[in-house]
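Novice: Sequences and hints are given; from them, build the entire structure.
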Amino acid sequence: MSDNKRGRESNDRETKRYRREEEEKEDNASDNDNYAPYIPLKDRRKMKLQRLGRLAVLQEKEKYKSSTDVETDEFEDDFGRKNNVSLLDQHNELKKKAEARKESALEKQLKEEEKILESVAEKRALMGVAELAKGIQYEEPIKTGWRPPRYILEMSEKRHERVRRKYRILVEGEDIVPPIKTFKEMKFPKGIIQGLKKKGITKPTPIQMQGLPAVLSGRDMIGIAFTGSGKTLVFVLPIIMFAMEQEKHLPFLQEEGPYGLIICPSRELAKQTYEILSYYGQCLSNEGLPDLRCCLCIGGTSVRDQLEVIKKGVHIMVATPGRLMDMLDKKMVNLKVCRYLCLDEADRMIDMGFEEDVRTIFSYFKGQRQTLLFSATMPKKIQNFARSALVKPVTVNVGRAGAASADVIQEVEYVKQEAKIVHLLDTLSKTAPPVLIFAEKKQDVDAIHEYLLLKNVEAVAIHGGKDQEERSRAVEAFRKGEKDVLVATDVASKGLDFENIQHVINYDMPEDIENYVHRIGRTGRSGKKGIATTFINKACDESVLLDMKHLLMEAKQKVPPFLAALQSENEKYLDLGDERGCSYCGGLGHRITDCPKLEAMQNKQASNIGRRDYLANNSADW
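Going letter by letter, the sequence shown gives residues 2 to 623 in our numbering.
Since the hints were derived computationally from the structure, they do not count as laboratory data. A quick note: this is a predicted structure, and the numbers were derived from the prediction, not measured. It cannot be assumed that every hint is accurate.
[As the list claims (entries may be wrong)] With a straight-line Cα cutoff of 25 Å, these simulated SDA-like cross-link-like pairs (lysine to any residue) come out: (1) 185 to 151; (2) 198 to 480; (3) 313 to 280.
Specialist: In structure tokens, the structure reads:
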């Protein structure tokens, strides 16, 4: 092969190789163009958030432009601040957004509370079994022969509202009877008015102004007023009048009656109510009217003595739930002609576990009755539950349900557990006797009583562990002024009325705020002033102390620093709408979402369910 030919072949090979290398370079270059370097996950998230942030800024800008309809060159800088918009406008816009968020939080809280209250609400009506089974519904209240004076009926509704506002009377219901400001205008006979004057009662209290006309006209009623406000007379005087009317028209025969039934949670309260009935009944007898027979049916006393009165025919019966249930069950008593039922301290009775007994007692009635419920502490839960038993009820409320009496000076002292009993003597010296001392446990009551006797203090003691005769003697001696100090558990806290109690000492804080309100209500009664001293320490439940703190604030009392320092997690939610504090128990220091009483009740129910299942399984194994 010639040299020229070899040279051409060599050149062609070089050219081909060059082209191949160039193509490979181009391919590599194109591969390099498509290749994306690795970005860490953290950086990719940051980039995504930046893109979203820019998008949110653009959306916000568009929204602002559309709402103001102003074409401007507004834009936001890197910190989200708006240019060309005044600081005041920006502040107002931010404030609106904050308020909207707050409202949604409040709505959420209220909805949550509504669900809780609905879940714990009693589904079964407080009515007799026979009435429920037959579907009996009473549409109209019982009719009575009592009417307000004509000139009061002819007065305008504005006048009635003015009187209610003046005396802070809140009323709910249909066709409400006007308030009446004197006993004479209520048409009470001379004997009753003279009896009231002997007791130093010359004019009605606010609860009596509205409550007595409502009850006398035959209306079912829920009566709520602070302790010592005269609630007892609101149901005692009308039943005396109704029983007297029945006796005059057609005298009661043997084993007939009762016409009126009053149920109380404790023996001491039942005995006190019976004595008030007997007093005003005697006042009428002194004026030549027929005698009224009253009967006291309580545990710890002779059933035979009670049956002797019942056999003669009884007009009014005062009873505790346990003894009454026993007598109804054994057919010693019947409620065929009973047309008047009063539950005194109704909420406390239900709290003490008598709810099922009350429901059973309703089933013994043979016709419509006038039903009354009274208490100083009655949360909405109890009011709503009770309404199922009432016909077109009137709710008369003087002050907030569960509020402490304004006539009681409340003092709170921090005392260590071991120093309490010694500090007690110093506290007793604050005022002259008579003084009431409350303790939670029976053994504490006995220990305090013994200590006071050793220190030469004239003292007596009562609690559920003592027999009825001993309890009655102690209360009577204290009432007559023969003893200076009464030491008691909560059996003496509900409704008992002792004259001129100067001082109430809470040796320890009760388990719930309702008991505290009832305890301190033994002083500062009927417009008189009184002092209540409470010992607290680290052993006390914080939720009860929070309730106490807000109760003191409500009554404009001095709040000690150790109570003022307590803060609840949901402090901002304590006042929502028209419902203050907890709608389940009435405590002011928490809402129903944090209610310790509700939690304890639910835990108890859960443990009972577990126990029943356990017992059922064990019995099946056997």
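Novice: All the hints need checking, so say for each whether the structure fits it.
Specialist: Right, here's what the structure says about each hint:
no.: 1; hint: 185 to 151; result: holds (14 Å)
no.: 2; hint: 198 to 480; result: holds (20 Å)
no.: 3; hint: 313 to 280; result: holds (20 Å)
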